[in-house]
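Kindly produce the complete structure, drawing on both the sequences and the hints.
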Amino acid sequence: MGQLIGAIAGRLAQLAAMLLAVVLLCFAAMQALPGDKAVQLAVARHGERASDGGIDQARRDGGSDRSLAMQFLDWAGGLARLDLGHSLVSRKPVIDELAPRLRVTLIAGALSVLLGLAIGLPLGLWAGLRPGGVADAVVAVAAAVLSAVPAFLLGLLLVMLFAIRLGVLPAAGSGSAWHWALPVLTLALGFAAPLARVTRQAVVEAWGSFAVTFGRLKGLSPARAGWRHGARNAAIPVVMLTGLRFAAVIEGFAVIETLFNLPGLGDLLVRALVARDIPTVQAAALLFGLIYRVIGLLLDAACAAIDPRRRLRVRPA
Amino acid sequence: MRWAPLLLLAPALVLGLVVPGLTPDPLHQDLMGALSPPGTAWLLGSDELGRSVLARLGHATRVSAGLALLCVAIAWGGGTLLGVAAAWRGGWAEAVALRGADTLMAMPGLLLTLIVAGVLGGGMVALVAGVAVAQLPVAVRMSRALAAGVVAKPFVQAARLAGIPVPGLLARDVLPLVLPHLATQAALSVSQAVLSIAALGFLGIGIHPPTPEWGMMIADSVPYLSEAPWAVLAPASVLVASVLGLTLLAESAR
Amino acid sequence: MSAALAADVFPAPALPMPALAVQALAVQGPHGPIVREVALSVGRGEAVCLVGETGAGKSLIAQALLGLLPPGLAGSGRMALGDGGWRDLARPAALAEAWGHAIFLLPQEPAEALDPTMRLLGQVADAVPDGVPKGTSGHGRVARALGRLAGFGLDGAAARRIPAALSGGMAQRGLLAIAAECPAPVLVADEPTKGQDQARRAEVAAALRAMMAAGRALLIVTHDLVLPALLGARVLVLHDGVLVEEGPAAQVLGAPTHPWTRRLVAAQPAHWPRRAAPADGAALIEARGLGFGWRPRERLFDKLGLVLREGEIIGLAGPSGVGKSTLCDLLLGLRRPLAGQVLWRGEDIAGASSRRRAIQRAVQKLFQDPGAAFPPHRRLGRVFADLAAVTEAPLARLPALLDRLGVRADVLDRRVGEISGGEAQRLALARALLLRPAALIADKPTSRLDAVTQAELCRLLRDLADRDGLAVLLVSHDDALLDAMASRTLRLEPGRA
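Chains as they are written, first to last, in our numbering: chain A, 1 to 317; chain B, 1001 to 1254; chain C, 2001 to 2497.
Rather than coming from a laboratory, the hints here were simulated on the basis of the structure.
It is possible that part of the hints are untrue.
[Claimed, not checked] Cut-off 25 Å, straight-line C-alpha distance, at most; resulting in silico cross-link-like pairs (PhoX-like, lysine-lysine):
id : chain 1 : residue 1 : chain 2 : residue 2
1  : C       : Lys2194   : B       : Lys1153
2  : C       : Lys2194   : C       : Lys2444
3  : C       : Lys2303   : C       : Lys2444
4  : B       : Lys1153   : C       : Lys2444
[Claimed, not checked] Far from chain B, some chain C residues (derived; all Cβ distances over 10 Å):
id : residue
5  : Ala2080
6  : His2139
7  : Asp2155
8  : Ala2199
9  : Met2211
10 : Pro2273
11 : Arg2274
12 : Arg2295
13 : Arg2299
14 : Ala2372
15 : Asp2403
16 : Ala2428
17 : Leu2490
[Claimed, not checked] Away from chain B, derived, C-beta distances all over 10 Å, residues of chain A:
id : residue
18 : Asp96
19 : Leu115
20 : Leu125
21 : Val138
22 : Ala148
23 : Thr258
Backbone N, C-alpha and C fix where the C-beta goes; we use that ideal spot for every residue, glycine too.
Put into structure tokens, the structure is as follows:
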């Protein structure tokens, strides 16, 4: 148990360091923005009200005259009170924009991951149980090609096929449930390809281990020895590497939501980056970092649930 | 099968090395000939502004490949130095290098690239910085792990006990065992960098137009996808073939 | 010779059939035959030990009988398992059908055989045969497995641990429990006593004797020449892929007739002359109140004292993981102790950083794995040339040294992967000696070498101590070896020194 708590504490420390780095980067970017820094900072802090007396207030407070350290404390202090600031473009509180978009991204993400698991796991298992067979070759080629196609291109190809050529699915927008089909399929395929490859490898290694052979030596049938001593050992690397592959799903949001005009968090981040709307960029980046790490922690927990070496006292008595 | 990686990389090599010398200015516009299909006048067709897709593709290949190699050289050159030094020193230096890498890895790589490049305002320097920052922690972690494995070997301990000077020991006994593995990973990273640069170009956060680049060429022509699919498919197929070729090349070396 | 022809030459034995009969067994490698024309039989309640040097092919015989030869090797010949029929050794899939009910393998490494994610109890229960009374959810099997484990000194709590939470000895006993529970009348054991000290070897022998008493036939592959005597086994001596001598343990090992068997027996440490304790020399290495541990409040050892004098060989023994290698690192100055000090010629090495290089060369080390003691990618001559940075004319002094150590000079043109382990270890000794050390710390230097090579290396170490006054700290698991070599032996026990 101690090990597990230590691992979680380590992950949280990394998260904190990464969040701090994002805040520092965004603060530095604010300093580098063209135009009146006092105005920018005032807008970021107070939004629309900045036009009334906020700017003068900011100037009186010292604004750009104050030391950088004080300005940073002011900037980070707002965040510590969970005040994400105001958009430099719309001058509205960032949080208002964030909430509905987070919903879109989480739903699309969950659907993509579920679909990706449903495609990738069985294919990987099928290929791994018969290494060198037809399924193995098909999965290897498909996974290699799919990993070489960037998400935006995969999305475009699916649009060309389903929206333009076949005309069965809408190309972009967010009107109906059907609008979600192509973005979810794009992300799911991008997730399923490496997942199938990892699963195949893990299955080949686990089923080929001497522990499985030893199970057969004890008199278990080949199938029973494989499932009894192979399945759990194969699942551990699959879950761990799924954590790494998850990064690709999260990255995919930025590109795919933009491509399909889906109003999610990734779309917001890209728009804000193009407009250099730093407070919005910062909020979206912090949220993405948080989601990534929370998922990482959940996967760690899943690993511990599967692998008794992470739960039980492992040092010999 | 042995030639597959080279066959896949051939289009990019021809486009990058030969085509820019043979074709007209990639920025030259012929609005009358906009969206012409591939044929004798336009070998790979023209785009929405009547620019030659072939000429633009040639220049884009140089830009994309050159930038990708630059990013990888910076990230893996610096990362290897840091990683090997951390493995040799051990103690707090190693801990600092690893925790720093962990911090950068707490954000998915492409998002980190996107945020760094975007916040720095786009353009070539921001793009290279963004891609290199995302690859640096991977390079540090991997070179440290490989070097730590070699440093713990008895032959390194024996050389230490003999008092053999450290720089020579690292150069002769440690690096030659680490570099082949790192080169393979760096080759895989080139394909990652190509993908990242294309994604940023596609999103409009990469290098500034009108310099052609694969991702941006694709993004520019997407609105005309149904009328002029060649303007999307030409850069797209070169991109996919190159990434696949690099990946297969790296995996065959493994 | 083909299997069919072999059947003519070796007619089926008259009844009663032995539990295991093997005829015309051969193993073909990519460059020719590795094992040729082996015939053997094991009766019910009998143990047969296959002995021979590393690379003689004795493990391949065990693997061929089970159809577990590594890729690239092909077995041939035939085997009968007491049930009348002959099985073709060229068809591994058919051999696998006999696993569990007719033949069983007791593997060498518990760490590889046991499923790391499953509690020991379930893995033993799997071996319980079908005829045993079964409960609704396997309670009968579990109860029986618990009883069996208790018989091997593993209580219910230990039975419910995963393999990583068991000590090496407990995991080995777990494997023995599985072997005992498995109903197969024929048991093949691969090096069941490798790397074990006397106490654990006796434990394994007792378990194997119990299986013999139960009427099972044991074929044991081993390099351990004490085990056959403990079991009262028949011994088959394998040399270069061919059986050269056969007979009861007392006869073969007591009065060997084949020249190779004679060499093998003479190389056993128990037959070496004992080294007389040298006159008191100057203290070269001294440890005072040494303490070390990986966790703050758990010490591997504490208040450990040790003096190594000129011309002296001291032994260091103790079970795996007790901290022998760590103690070596402390004495070499590669690691700092948590408490106490290490002195070389009376000088504390912790405070000698300025002269570190000069004095470091006063103590050198021999490694357990000689193949890893040289960089794999460089010619050995170049590694010795590197020493020019720290000692004068290393390559000029080398030929005489190699001559004394019995190494051909042309090995310097090769890489370490292209020479034998014995040659590599002697080269490692040459590298250490070029630096003119006063003391040598040898961390299990012969554990990866076969008996004959081990005897030669130990003779060299002894000669260096006798004639050159070299002080040696010799780490080993082999009590007979330490008895012959060391004037005294320090034993580390878990939890205390």
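Hint by hint, here is what the structure shows:
1. With a C-alpha separation of about 24 Å, the suggested pair Lys2194(C) and Lys1153(B) falls inside the 25 Å cut-off, and the hint holds.
2. Between the alpha carbons of Lys2194(C) and Lys2444(C) the distance comes to roughly 14 Å, so the proposed pair stays at or under 25 Å and holds.
3. Restraint check for Lys2303(C) and Lys2444(C): the C-alpha separation of about 24 Å stays at or below 25 Å, so the hint holds.
4. With a CA separation close to 16 Å, the supplied pair Lys1153(B) and Lys2444(C) stays within the 25 Å bound.
5. With a minimum CB-CB distance of about 46 Å to chain B, Ala2080(C) clears the 10 Å threshold, and the non-interface call stands.
6. Every beta carbon of chain B lies more than 10 Å from that of His2139(C), the smallest distance being close to 47 Å; the non-interface claim holds.
7. With a least CB separation of 37 Å from chain B, Asp2155(C) remains clear of the 10 Å interface cut-off, as annotated.
8. Listed as outside the interface, Ala2199(C) is consistent with that label: its C-beta sits roughly 29 Å from the nearest C-beta of chain B, beyond the 10 Å cut-off.
9. Every CB of chain B is more than 10 Å from the CB of Met2211(C) (nearest about 39 Å), matching its label as outside the interface.
10. Its beta-carbon lying about 31 Å from the closest one in chain B, Pro2273(C) satisfies the requirement of being farther than 10 Å from that chain.
11. Distance check for Arg2274(C) against chain B: the nearest CB is about 30 Å away, which clears 10 Å, and the non-interface claim stands.
12. Even its closest Cβ contact with chain B, about 18 Å, leaves Arg2295(C) beyond 10 Å, as expected for a residue assigned away from the interface.
13. Residue placement check: Arg2299(C) keeps its beta carbon more than 10 Å from all beta carbons of chain B (closest about 22 Å).
14. Residue placement check: Ala2372(C) does not keep its beta carbon more than 10 Å from all beta carbons of chain B (closest about 5 Å).
15. With a least CB separation of 22 Å from chain B, Asp2403(C) remains clear of the 10 Å interface cut-off, as annotated.
16. For Ala2428(C), the condition that its CB be more than 10 Å from all CB atoms of chain B is violated, with the nearest at approximately 7 Å.
17. Taking the minimum C-beta to C-beta distance to chain B, about 22 Å, the non-interface status of Leu2490(C) holds against the 10 Å cut.
18. Non-interface call for Asp96(A) relative to chain B: holds, since the shortest CB-CB distance, roughly 22 Å, exceeds 10 Å.
19. No Cβ of chain B comes within 10 Å of the Cβ of Leu115(A); the nearest lies about 20 Å off, and the non-interface call holds.
20. Annotated as non-interface, Leu125(A) keeps its C-beta farther than 10 Å from every C-beta of chain B; the closest such distance is 22 Å.
21. The claim that Val138(A) lies off the interface holds: its Cβ sits roughly 16 Å from the closest Cβ of chain B, which is beyond the 10 Å cut-off.
22. Non-interface status of Ala148(A) relative to chain B is broken: a Cβ of that chain comes within 10 Å, the nearest being about 4 Å off.
23. Remark: the non-interface label on Thr258(A) conflicts with the geometry, its nearest Cβ contact in chain B lying 6 Å away (cut-off 10 Å).
The structure fails hints 14, 16, 22 and 23 (numbered hints given earlier, in ascending order).
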